[in-house]
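Peer 1: Listed below, chain by chain, are the residues.
There are 2 protein chains.
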Amino acid sequence: MSMYYESKRRSVVKTISWRFFATLDTTLIVFILTGELLLAVSVSGIEIVTKLMLYFFHERSWNKINFGRRTIQPFVLWFTGLSGAGKSTLAELATDYLKKKGLQVQQLDGDKIREIFPNTGFSRIERDRHVRRVGYLASMLEHNNVIVVAALISPYEETRQQVRELCRNFVEVYVDTPLEVCEDRDPKKLYQRARAGEIQHFTGIDDPYEPPPQPEVRVRTEGMSVDQSFEEIRRTIDKLLTV
Amino acid sequence: MSMYYESKRRSVVKTISWRFFATLDTTLIVFILTGELLLAVSVSGIEIVTKLMLYFFHERSWNKINFGRRTIQPFVLWFTGLSGAGKSTLAELATDYLKKKGLQVQQLDGDKIREIFPNTGFSRIERDRHVRRVGYLASMLEHNNVIVVAALISPYEETRQQVRELCRNFVEVYVDTPLEVCEDRDPKKLYQRARAGEIQHFTGIDDPYEPPPQPEVRVRTEGMSVDQSFEEIRRTIDKLLTV
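Chains A and Z are the protein sequences, given in the same order.
The opening position of the first sequence corresponds to residue 15 in this note's numbering, with each subsequent residue numbered one higher.
The opening position of the second sequence corresponds to residue 15 in this note's numbering, with each subsequent residue numbered one higher.
So that you can see chain A by itself, here it is in the shape it has in the complex (with noise of 0.2 angstroms):
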């Protein structure tokens, strides 16, 4: 992607551009229609100057008229809850929902920016230094005018408090999936490896998961399909965006 700019003199040449076939066209019009050519010139004239000056009046009252205008402030969407809650999924289907409408959205998933950082343990530490650390990054490109769609499984209330914190409009979103769904789900055999002892700190098998007190979206999945779970978080985006 880039940036795009046209430049003054693109801008003023193009309007001496414009008023010189507007005003040719006027004149052949009245030309056209009157065969008196020095009628026609006249009207030229007072027209280059009087539309100039319509034209800046007209734009400085535009100015003062509110009507089609918004102003939209980026935001975080930070989906928490446990693995295999449909995080990922929700998050995926929101940041398309936000680049279809012409958006800057940029998506951070905490495994893929933990695959870029592999050092990352688990403990409780070094998950707070992570979920701090992409949460950083969040509000940096949010300071930036973009969007962010965040998915982590961000256990720690305390945690996801300082997140709030760093950023200007933190929207949490709690993917509220029971444990024995997501263990039932289990996409990357995450559970059974943790079950056997492979994997240790996993979160709702041996570290704990801290439900969020007052997200300001609650999404339930079980026993709905996605585009079903998806409607509440559209509604909220479709709420932020016309604020």
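Just so you know, the hints here were simulated from the structure itself, not pulled from any lab data.
Among these hints, one or two may not hold up.
[As the list claims (entries may be wrong)] Computed far set for chain Z versus chain A, every beta-carbon distance over 12 angstroms:
1. 73
2. 198
3. 204
4. 209
5. 211
6. 246
[Claimed, not checked] Chain Z residues, not near chain A, derived (Cβ > 10 angstroms throughout):
7. 200
8. 202
9. 212
10. 214
11. 216
12. 222
13. 232
[What the hints assert, rightly or not] Straight-line C-alpha distance at most 25 angstroms; calculated DMTMM-like pairs for lysine to aspartate or glutamate:
14. A:22 - Z:224
15. A:28 - Z:39
16. A:114 - A:246
17. A:202 - A:142
18. A:78 - Z:20
19. Z:22 - A:110
20. A:28 - Z:73
21. Z:126 - A:110
22. Z:115 - A:20
Where is the CB? At the ideal position from N, CA and C, for every residue including glycine.
Fit chain Z to the supplied structure of chain A, relying on the hints for placement.
Peer 2: For chain Z alone, coordinates are given in the frame of chain A:
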């Protein structure tokens, strides 16, 4: 900051509003000059149709003209050099210079990011991770159309190469100030403390600095004013913006 949008309805209504006043202007000019209402109304009628077509073809033609068009690829301006070399001062100037042009810029300062994550050490491994994390943050911003100005000692060539690969448009600025000069300046009294053995792993004292073999820009600061040092950076930025 926020994203500002104008809806399509606003543009449609504003266009109609302009055509109404513009045509009223033409009608009045013709009527005042000739006193003939029928002629004035005829001119207006023809004008509405012809101006709409003319405007459309004028826009389509200008779409084919490249005069005054600029496409800016975002980039990462990465300042590397010893502590006290002048990285932050020059990075600050570069950031201001870019902001004045109305561009979206984020300054990243290695020391400030360390303050947010106070547990980052100065061993080779810890330095490496720190530089790569900031590099990842920089690349993520760059991918979202934000220009990044980063100032980090980043002493190891290998790590800088890794960051270069993460970014699309990596511009390395080597602030080449001799160790003696940096130690003499010692703005934060860090060299003093490193010599006294109070700080370990201090770049230039008991930790190496590997100068970049082929930096995009090499800046000297010894015996030069800040403005003189900034001159080549300014030229490089201008080049990046005109491509």
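Peer 1: The structure should be examined with respect to each hint, and the outcome stated for every one.
Peer 2: Quick rundown of the hints versus the structure:
no.: 1; hint: 73; result: violated (9 angstroms)
no.: 2; hint: 198; result: holds (35 angstroms)
no.: 3; hint: 204; result: holds (25 angstroms)
no.: 4; hint: 209; result: holds (32 angstroms)
no.: 5; hint: 211; result: holds (29 angstroms)
no.: 6; hint: 246; result: holds (24 angstroms)
no.: 7; hint: 200; result: holds (30 angstroms)
no.: 8; hint: 202; result: holds (23 angstroms)
no.: 9; hint: 212; result: holds (26 angstroms)
no.: 10; hint: 214; result: holds (21 angstroms)
no.: 11; hint: 216; result: holds (24 angstroms)
no.: 12; hint: 222; result: holds (22 angstroms)
no.: 13; hint: 232; result: holds (27 angstroms)
no.: 14; hint: A:22 - Z:224; result: violated (44 angstroms)
no.: 15; hint: A:28 - Z:39; result: holds (22 angstroms)
no.: 16; hint: A:114 - A:246; result: holds (18 angstroms)
no.: 17; hint: A:202 - A:142; result: holds (23 angstroms)
no.: 18; hint: A:78 - Z:20; result: holds (14 angstroms)
no.: 19; hint: Z:22 - A:110; result: holds (22 angstroms)
no.: 20; hint: A:28 - Z:73; result: holds (9 angstroms)
no.: 21; hint: Z:126 - A:110; result: violated (34 angstroms)
no.: 22; hint: Z:115 - A:20; result: holds (13 angstroms)
Violated hints, listed in ascending order, are 1, 14, 21; each of the other numbered hints is respected by the structure.
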